[in-house]
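Protein chains: 2
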Amino acid sequence: MPRTMIEVDRGSNEPLYRQVRRVIEHSIATGIFDPRRRLPSSRELAAELSVARNTINLAYQELLNEGLVLSHERRGIFVNPEMLAAVAAEEAVSEPVIDWPSRMRRYADEGVPDVEKRADWYTYPYPFIAGQIDVHSFPATAWIRSLREALYQPHAFASLQDSVGADDPLLVEMIRREILTARGIEAGQDEILITVGSQQGLDLLGRTLLGPHHRVGIENPGYLDARHIFLRTGAQVYGINVDQDGLCLPETLSGTALVYVTPSHQHPTNVTLSMERRRRLLKIAAASGTIVIEDDYDSEFRYEGSPSPALKALDSTGDVLYLGTFSKFLSPGLRLGFLVGPAELIKELRRVRRYQVRHPPGHTQRALALMIESGDYHRALRYHRRQMKTRWEMLSQLAVECLPWDQAPYPPGGVSLWMKGPPNLDAVELVSHAEEQGVLIERGDIYYLQSSPPRNCFRIGFGAIPTRSIAEGMVRMGDVAKELLAER
Amino acid sequence: MPRTMIEVDRGSNEPLYRQVRRVIEHSIATGIFDPRRRLPSSRELAAELSVARNTINLAYQELLNEGLVLSHERRGIFVNPEMLAAVAAEEAVSEPVIDWPSRMRRYADEGVPDVEKRADWYTYPYPFIAGQIDVHSFPATAWIRSLREALYQPHAFASLQDSVGADDPLLVEMIRREILTARGIEAGQDEILITVGSQQGLDLLGRTLLGPHHRVGIENPGYLDARHIFLRTGAQVYGINVDQDGLCLPETLSGTALVYVTPSHQHPTNVTLSMERRRRLLKIAAASGTIVIEDDYDSEFRYEGSPSPALKALDSTGDVLYLGTFSKFLSPGLRLGFLVGPAELIKELRRVRRYQVRHPPGHTQRALALMIESGDYHRALRYHRRQMKTRWEMLSQLAVECLPWDQAPYPPGGVSLWMKGPPNLDAVELVSHAEEQGVLIERGDIYYLQSSPPRNCFRIGFGAIPTRSIAEGMVRMGDVAKELLAER
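Residue numbers (our numbering), protein chains in the order written: chain A, 278 to 765; chain B, 278 to 765.
Mixed in with the good hints, there may be bad ones.
As the list claims (entries may be wrong) - In silico BS3-like links for lysine-lysine, alpha-carbon gap of 25 Å or less:
(1) K394(A) / K624(B)
(2) K759(B) / K624(A)
(3) K697(B) / K759(B)
No lab work stands behind these hints: they were computed from the structure.
Could you build all of it, start to finish, from the sequences and the hints given here?
See the structure below:
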């Protein structure tokens, strides 16, 4: 019998017999066992791998059950000849025939930078990054309780069935009653669509409303992913500058099919769009037939004063499209968001989604609905908001102490600070030097649309970093910045 | 104080103070409370609604925390004037400005029927439908255990973070090792993409590889959703007939950009593509540079003989694209599937997906990986397959007994039987008469591409119906069929 050359790992969590099974499959596939002869007996293999014969028998039994091997009485176990074809085909390895790159559609966002998120961010002691959460404060117990409840009656069908184009009606109702009312928005069941993260809302809108002949206005600096999504429809994208009061509105939006705005806390600068500009935006959009998308991605996080009403709440035409998300609270990994708009548009978006992903997972939809209904969601949100407020207060004070330049006051909202250093600060260098000190921050230049963006901006996120690490992280960041500025 | 006209519901699960909060919000929004004057005191409101003052105070406290109302010392509680704007805007209701239908992109699949799934299918005693599961045999305990484990270290980051374009590496590894090997497929980590149901795989491929100048071949009869997805890319779709051995291959596929096939159990007829035709399909596809998509949607369900190897396992070029799903086992509501293909294509599909939904939910990905790793997945699958085998045996015998016409033997696989009645059977009528008897079956004509499809075909699904209901359901179906045929 040939040697398998593979050993089983007794320290592994994988049951021994499954490891053995893999050894057998691998040895057939790679030609170590000649598939035309009988396979080694359980006795032979047990000796070879130093495991009990029962373990080998268990592995063979599984392979027999699945039809990969056949047992011939008295002659032993053989590879199923139908499977041999697969093995033979593998031996005759030939070259790919299709030239894949030439077959793939090209998109117009080539050359536009992507937000790069490090997969290993959580191994850094000071992750001042945006868009991630502190997993230790995730309300795991309440979430698991809701997930369990969602698997039993009367919820099991909603959780497990193919709903084709439909959403979980209970989640829609909870969003309507418990989430939108707090933003001043009244919406009917047929005006809400659940999405796989609010980003799917953007993609569905782009696919449905935009094409190569359209112009789209976005904030400058602005949300990079939205820019990619719009560019990928073939549309022309231009930037509208942002100042202390938010978007600097042009006289007219004539010729602009769609504008995308983040009024609550502008992405990435966190400024709030003033009430007067909100009204004017709605007025000129209506005058020029421009569609307005309001991305209200972290309106829950307001630490002083009163929250501004949503643009959608001021909208008397019903035309404003509103995007909400559960990525900031609860977690981006759950991929749940929603979109509010006129019923006839929602109906069409539902059809587009139905031939894309059918519907967002039913189990997590129902669990989230139950978590909101029980009050657990809002309890956890209040706790989380207090935590974020503490971090915001610490950070806005530490930023002034540690970063040696004049700073404007930080808007009291969101889960990040937008920093504008002196003109001679190179934030790209700052990011890379800080990283060497275990401090992750985000470069700001990529959010600008112009070809020579300012290099002195960066972003300090505080959603993911544990509160206890903030002070030390800021001191380190300050030291790096001082050193960099002194070198200049 | 004006009457609120709304009563609280003491029998409701919703806490009283939250109901009161809604009463207040609603009364402001609808003008019952004049928002320019002080709001009713807790004493007044407690009397009006007959609840404790503390309950009212709790509701007001929540509204205060969220900034919807303001408290002025000694003067009382007032609506936040910033919120007044929202109320005022609502009063001045105007008409929509955007003509939505004229702004929405049109698709080429208008007029092609959709698979209609009744949302209330589970209220019928005999749901012989395809594409749903029997929720009572879902392995809820193992699934919840995996979901819980996935929320704690070392799994929490994989479950909860924003992974941008990445998949859960553990799930990819489990699919590679535990799912694909059983189908004779070897694939690297970079040749696998996790999808929100296998349907997302089809959509990503359509978006990336197809456009108005392409021709696509699909099986006739064939999977209706694939037809929609291909048509919606603008491509021309044509049908290739299916007989007892599966797809009837043409001499050449020259001029066809892509063919979509279901070799294990053809959708909807359940026939298995013969080994000889598999080889020929691969040969002529390679000769004409045609991309082959293999949808292996229920290969787990084979009840006699040995499973045929996947087309992908026979593919020596590495060009075949393979779609797998966890919708048949475990559940369509979880929306998890995967796609196997050449690394350079997978990389591009990952980028398309990243600007569409970012990634499938991390929590369910990691939980599924843990469920496979623990062996629970395959244990539950074996149990489920035995159940399905029992149902298949019952049904294929009952079909011959109850349906009064000559029937070809049923292929021993899949989770449905494809029925071909005598030429004078109108299956559309059969479906509607059966429904009146509590029996849900599926019409077959919608799966054909020709404009006058055969009317005598239908499908009996057995994945969702409890085993104990099968016999009675078949008797009822038989009675309806006999009656219909006698009338002719």
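Structure-based check of each hint:
1. K394(A) / K624(B): Roughly 17 Å between the alpha carbons, so the hint for K394(A) and K624(B) holds.
2. K759(B) / K624(A): violated (41 Å)
3. K697(B) / K759(B): Holds, because 14 Å separates the two Cα atoms, which is no more than 25 Å.
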